[in-house]
Each structure stands twice: as structure tokens, then as C-alpha cells.
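2 protein chains.
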Amino acid sequence: MIDKNSENDAKFMRLALKEAEKGIGLTSPNPTVGCIIVKKGKIIGRGYHRRAGGPHAEIEAIRSAKGKPLKGATIYITLEPCSTYGKTPPCVEAIIKSEMARVVYGVKDPDFRHQDKAKRLLKKQGIKVTTEILSEDCQRLIRPFAKRVQTGLPWVIVKAGMSLDGRLTRPGKEGQWITNDQSLKDVQRLRAEVDAIIVGAGTLKKDDPSLTIRETKLLKKRNKLPKRVVLTRKSKLSKASKIFTDQFKDNTLIYSNKSLKAVLKDLAKRHQCNSVMIEGGGRLIGDAFKRELVDELCLYYAPIICGENCKPLADAALNASKRLSEISLKAFGDNYRIRGLVAKE
Amino acid sequence: MIDKNSENDAKFMRLALKEAEKGIGLTSPNPTVGCIIVKKGKIIGRGYHRRAGGPHAEIEAIRSAKGKPLKGATIYITLEPCSTYGKTPPCVEAIIKSEMARVVYGVKDPDFRHQDKAKRLLKKQGIKVTTEILSEDCQRLIRPFAKRVQTGLPWVIVKAGMSLDGRLTRPGKEGQWITNDQSLKDVQRLRAEVDAIIVGAGTLKKDDPSLTIRETKLLKKRNKLPKRVVLTRKSKLSKASKIFTDQFKDNTLIYSNKSLKAVLKDLAKRHQCNSVMIEGGGRLIGDAFKRELVDELCLYYAPIICGENCKPLADAALNASKRLSEISLKAFGDNYRIRGLVAKE
Numbered sequence: 001m002i003d004k005n006s007e008n009d010a011k012f013m014r015l016a017l018k019e020a021e022k023g024i025g026l027t028s029p030n031p032t033v034g035c036i037i038v039k040k041g042k043i044i045g046r047g048y049h050r051r052a053g054g055p056h057a058e059i060e061a062i063r064s065a066k067g068k069p070l071k072g073a074t075i076y077i078t079l080e081p082c083s084t085y086g087k088t089p090p091c092v093e094a095i096i097k098s099e100m101a102r103v104v105y106g107v108k109d110p111d112f113r114h115q116d117k118a119k120r121l122l123k124k125q126g127i128k129v130t131t132e133i134l135s136e137d138c139q140r141l142i143r144p145f146a147k148r149v150q151t152g153l154p155w156v157i158v159k160a161g162m163s164l165d166g167r168l169t170r171p172g173k174e175g176q177w178i179t180n181d182q183s184l185k186d187v188q189r190l191r192a193e194v195d196a197i198i199v200g201a202g203t204l205k206k207d208d209p210s211l212t213i214r215e216t217k218l219l220k221k222r223n224k225l226p227k228r229v230v231l232t233r234k235s236k237l238s239k240a241s242k243i244f245t246d247q248f249k250d251n252t253l254i255y256s257n258k259s260l261k262a263v264l265k266d267l268a269k270r271h272q273c274n275s276v277m278i279e280g281g282g283r284l285i286g287d288a289f290k291r292e293l294v295d296e297l298c299l300y301y302a303p304i305i306c307g308e309n310c311k312p313l314a315d316a317a318l319n320a321s322k323r324l325s326e327i328s329l330k331a332f333g334d335n336y337r338i339r340g341l342v343a344k345e
Numbered sequence: 001m002i003d004k005n006s007e008n009d010a011k012f013m014r015l016a017l018k019e020a021e022k023g024i025g026l027t028s029p030n031p032t033v034g035c036i037i038v039k040k041g042k043i044i045g046r047g048y049h050r051r052a053g054g055p056h057a058e059i060e061a062i063r064s065a066k067g068k069p070l071k072g073a074t075i076y077i078t079l080e081p082c083s084t085y086g087k088t089p090p091c092v093e094a095i096i097k098s099e100m101a102r103v104v105y106g107v108k109d110p111d112f113r114h115q116d117k118a119k120r121l122l123k124k125q126g127i128k129v130t131t132e133i134l135s136e137d138c139q140r141l142i143r144p145f146a147k148r149v150q151t152g153l154p155w156v157i158v159k160a161g162m163s164l165d166g167r168l169t170r171p172g173k174e175g176q177w178i179t180n181d182q183s184l185k186d187v188q189r190l191r192a193e194v195d196a197i198i199v200g201a202g203t204l205k206k207d208d209p210s211l212t213i214r215e216t217k218l219l220k221k222r223n224k225l226p227k228r229v230v231l232t233r234k235s236k237l238s239k240a241s242k243i244f245t246d247q248f249k250d251n252t253l254i255y256s257n258k259s260l261k262a263v264l265k266d267l268a269k270r271h272q273c274n275s276v277m278i279e280g281g282g283r284l285i286g287d288a289f290k291r292e293l294v295d296e297l298c299l300y301y302a303p304i305i306c307g308e309n310c311k312p313l314a315d316a317a318l319n320a321s322k323r324l325s326e327i328s329l330k331a332f333g334d335n336y337r338i339r340g341l342v343a344k345e
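Residue numbers (our numbering), protein chains in the order written: chain A, 1 to 345; chain B, 1 to 345.
So here's chain A without its partners, still in its complex pose:
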């Protein structure tokens, strides 16, 4: 008997999504994927993709079943299973071999070369295939991967801590910090979800940031830290900067006199970045908006007004305003975070 009803499908896919989320920030250049195996209404396997080169989520789930017979089972995967030999044998082969009866996945492979291939191969073997279950959530999960394979550019998040009047700096000698500890902690969580953090030379000079993940809880399961990337027009950067001298200095990249787009392309291609986060300053952020390179915006507002002698968020003249969609709001003490996607024209 095959388990088949849409309510159960959504329920198990939600659990597969939960599995996938464990891998966010760890899998590039691969997508984050989660998987649940169900037999007679009972979960007998679960897994997620932990790192590039490691077993895919489907294989993790099959292994977690510890030899229990999978014949007749249903496998829930957030993403269409792979059908080609990469660093590992294709999951489609493993699914067929295990004699599972049904495959449910959330979204198609965004790589046009492989799209729907798994579906055809599985159906040919008499395996039932259901797709588009919680597809929006599953799509959101692979957004960075999908953008890279489809455009050659990483998913670009702009993050900034700012005043209510949109200023990145404070007047006079008030110091560099605008947002509160809770916001800064959230930034750590964001950093743990991306493959690179980009700043301009001005920010390096002004703030001398570490651009690292300091929360030990976030560090625990990571096998790598996000790249730290500095963009500069002149070649002179202070050699004493933290990112050039600390224990992670080999993780720092410098790009001189390159356009932001060229840098992003290189990060996607050579450094396998699915996602990057631009952390300022205003010139770099303004440039990113001007050149339509921003996918997502994450702004932390502190309850202060700084005035017009302080640096603005987007220090560039724009031909048209950029509109956000899928906006979410969260309070961090007396700070507010507004997050949303930048609508494409």
C-alpha cells in the first residue's frame, strides 16, 4: 500500500524542509536539501546534505534507515533528486535500487540541463512521482543555488545597521556602533548562512571589522567560514587590518579595481559561492543597487536620528527606486529588522 494523500505529503515535506535547514550555509556549491523516508505512515529514515562532496540528503536518509527494508516506501525530498554522476553516484539510482514505490519532491532541479530528468527515469521504472509539494518553501531554500546555476552570479544580500533616517554612521565622535547587541548577534546568524561577506575598502579602514562568526554554537558544525572579501579602487589597504592578520587570514580575498559584477562572478565561479552578503559601506551598497545586483535586503534600525552629515545607506543616485517584496519584520530589543526581496524590473 502506498501512502498517498496531499495532507500527509505536506506534513512529511515540512519535516524534510526541517532537515534541509540544518544544512543552510554549509553545502555550497551544492544546494541545501532535506529528505524523509516514510513506510506505512511511519518515518523510517531522515537526512540532509551536510557538505559538498559528502552524501546527498537521500543517501543520508537511506543510511539512517539502517537496513530496514525500503521496498514500497515513499521518499520525500525538498529538491528533485540528482540523476547524473557528480562527486557521488546519482540518487535516482539508489532510490530505484531500494525498490521504493513513490518519490515526492518539492521543486525541480533549477539546472536546466537536468530538470525533470529524475522524474522521467523514475517513472520509467514504475515509481510514482509527485512534485510541487510546498514548492514555495522548497524554492526559497535553494534560491542561492538556483541563482548561481541559472545566471552565474551568487544570491546577493545587502545587510546594514542604521539609524531611523537611513544613516550608517553617527555624528561627531559617537563611535562606530549603531545597532544593539541583539542585532549584532542576528548578523552572526546571517553570516553563517552565506558563503562570502563583502566590504569596501572604506569600511575596512573605518571599522576594521573581523567579519567572522564568533558564536560557538554557529561554528560547531561548520567545516568552513564565509570568505571575507574586500573591494578596493586604490591598492593600499592597511596590512594591520584584522582580516589580514587574524587566524582566518587565509580566508580573506582582495579584489582591486574590479567591477562588483566581475567580483560576484568570480566568487560564484572560482570560489563556489551560492550566496554573498554585502556589509557596506554606503558607496558599495549604492553601487550594488544602481547595478541591479541586490536580491535581498536586511536592515537593522536603531532608534536614533543621525542627520545629513552622516553616511547614507545607499550612497549613489538611482534612476528608479527599488521596491521590496516578501517583507518581514522582527524586533531585537529596541532595534527593528526589516528584511525583504528586491523586486526585479
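One thing to keep in mind: the hints can contain errors.
Simulated pairs of lysine-lysine, DSS-like, Cα-Cα distance not exceeding 30 Å [unchecked claim]:
| # | chain 1 | residue 1 | chain 2 | residue 2 |
| --- | --- | --- | --- | --- |
| 1 | A | Lys330 | B | Lys311 |
| 2 | A | Lys311 | B | Lys344 |
| 3 | B | Lys68 | A | Lys173 |
| 4 | A | Lys311 | A | Lys205 |
| 5 | B | Lys330 | A | Lys311 |
| 6 | B | Lys311 | A | Lys311 |
| 7 | B | Lys261 | A | Lys205 |
| 8 | B | Lys261 | A | Lys290 |
| 9 | A | Lys330 | B | Lys330 |
| 10 | B | Lys330 | A | Lys185 |
| 11 | B | Lys261 | A | Lys330 |
| 12 | A | Lys344 | B | Lys330 |
No wet-lab data here; the hints were simulated from the structure.
Based on these hints, arrange chain B on the given structure of chain A.
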């Protein structure tokens, strides 16, 4: 038997606050006040101050009891009752005459000349007096009145509709509107709470605003509209502007070459304004911040980024950032309103 316990006191004071709220925006130069009369645990009278020159809340409440004997009753008032002859005889006199046994009020009269006078007079007559019940809420209600009588300046709210990067205008030919209909509707409610709306000559020229209350529900019980005030450096203003030509044109004031502080003083003194709202533009708002004249901030954010060629919220260099307290956040569709008090140095 006198009703006396702190739980009931808070309960009835809350109802008195509810009464008072009905008068917000209608009573200047008087404060908004609400009143409840309770006998043997039952409410037998209620009222609020409806307009300057009209009966005070206490008298409204006494009248609403319609001759029921008030002897032994407790009267709850959000503000210390008046003890001097103004446009009406003092409420203290009416309370004594009615033989009520107990007076509970939220906060003292902020006018130092009258403070605690009612308390003394009532006690002298053997009437029990309890004060400081829900005093924070009661104080909030008379904030504008208290500021005027104590400083000679009105309570100043800065309101702005802006982009996420703190811009009051949009790029190129995108038009003047930034915020959505729900935000604009809320601005109408705000206008109905203040005694004057102030704009700079630039805003008049650029937007030609009506600065009126259009919602009929808000207009219904009003006996006057907020004054419309234009500040100008040069004397030339377009005579065709709506505020000079529409049916409320007599309600418009022009101040030429006066400092903002001088204008505020004049509005408080000559035009009996307890509260005013500055609606822009950035120069005027920047000036208000620079001169420490802002009490409250009400910002509506639309989910767009406009860039640095657009006008900033606070178009003035500030020596120090201004910090907000008592911050509240509200969503209006995809717009957000952040409201808070400007901390005094």
C-alpha cells in the same frame, strides 16, 4: 460605605481614561480629561471635556447622573480637578457641593500655580483623596497641555512618510507619494489629534498639500480643524496653493523669516496650540532636530530604496544623534510606522 481598593481604582480610572480619549484633539488650550462617578460599586455618571469653554469632565459626569444622589460616591478623574475660576466655576466646588466622599485622580495639575491645591481644599472638607492611579497613562494624555503650561511651547510631533533609506522624495519622475493609502489614512487620525500642522515653503511648493482632515468620521465631532501653518524665508508663496484657496483658507497661517522656536511660541500663546505636527520637508525637520524642539517622532516607512539624490528626512548636520524611547511599531499593509519620544539631553 466608601468603595476603596486599588484594583477597583485602576479599573474605574481606566474607564475614565477611555472617556478622556474621546476628547483628544478637541480641547486645546485645555487638557483632555475624563471622569467616572461610582456609588456602591456601580457607575452612575461619566463624562469628558468636549471643548474649551464647555463644561469640564467632572461637570459632564455629574450631569450625566441626572439627579441621582451623589452623596458618598467616589469620583475618578484622569487629572486633578480645577480649583480656580476660569471660564467655568471650579470643579472642586461642585464636588464638595455634591457631598461625594472620595476623589481619585491620576495626575496633579501640571500648572505649578495650581498643583495640589484641589487636594488641600478637598481634604479640608473631609473628602478622601487618592492620587497617582494609572498616572503614566493619565500623564501621557495631558503631555501636550503640560508642556505648554510648563514651557510656553507646544508638544511637537515630527511626522514623515519615507523610504527605507530615509528619503522623503523619490527619484526622477516617480511622483510625490511614497507611503500607501493605509499610512495616509493613519496620518489623518494623527492630524485630528493636534492643533496645528506645520510645513515649510518648499513642501508647499512641491506637494501643494491640503493639510486637512478628510475622513468624515474624524470630522464629525470637531468644532475646529488644526491650523495650517507655512514657514517661509522668502515672502513669495504661490497664491494658488490649496491652503490659500480652499474652503478652510481662513485656517491658514503664514510666518515669514521667523525662527521655528518663535513660531512655536506664538502658536502656543496666540493660537492656543497644545500640540503641533511638523509634516516636512527635510530642512524644517532637520532644523527642528538641531534646535532640540522635537518631542515625538512618527515615521511611516514604505518598502522602497530611493538613493542619495533624494531628499533626506533630517536635512541638517546634527552635533549629536537623537535617541528615541517608548518606541512602538505598527504595520500598515507593507508600510511600517515607527513612533517614539525623543529623549531630552
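Quick rundown of the hints versus the structure:
1. Lys330/A x Lys311/B: With Cα atoms ~27 Å apart, Lys330/A and Lys311/B stay inside 30 Å; holds.
2. Lys311/A x Lys344/B: holds (24 Å)
3. Lys68/B x Lys173/A: violated (66 Å)
4. Lys311/A x Lys205/A: The hint holds at about 15 Å.
5. Lys330/B x Lys311/A: Satisfied, since the Cα-Cα distance of roughly 27 Å is no more than 30 Å.
6. Lys311/B x Lys311/A: holds (14 Å)
7. Lys261/B x Lys205/A: Violated, because 41 Å separates the two Cα atoms, which is more than 30 Å.
8. Lys261/B x Lys290/A: violated (40 Å)
9. Lys330/A x Lys330/B: With Cα atoms ~12 Å apart, Lys330/A and Lys330/B stay inside 30 Å; holds.
10. Lys330/B x Lys185/A: holds (24 Å)
11. Lys261/B x Lys330/A: With Cα atoms ~37 Å apart, Lys261/B and Lys330/A exceed 30 Å; violated.
12. Lys344/A x Lys330/B: At roughly 27 Å apart (the allowed maximum being 30 Å), Lys330/B and Lys344/A satisfy the hint.
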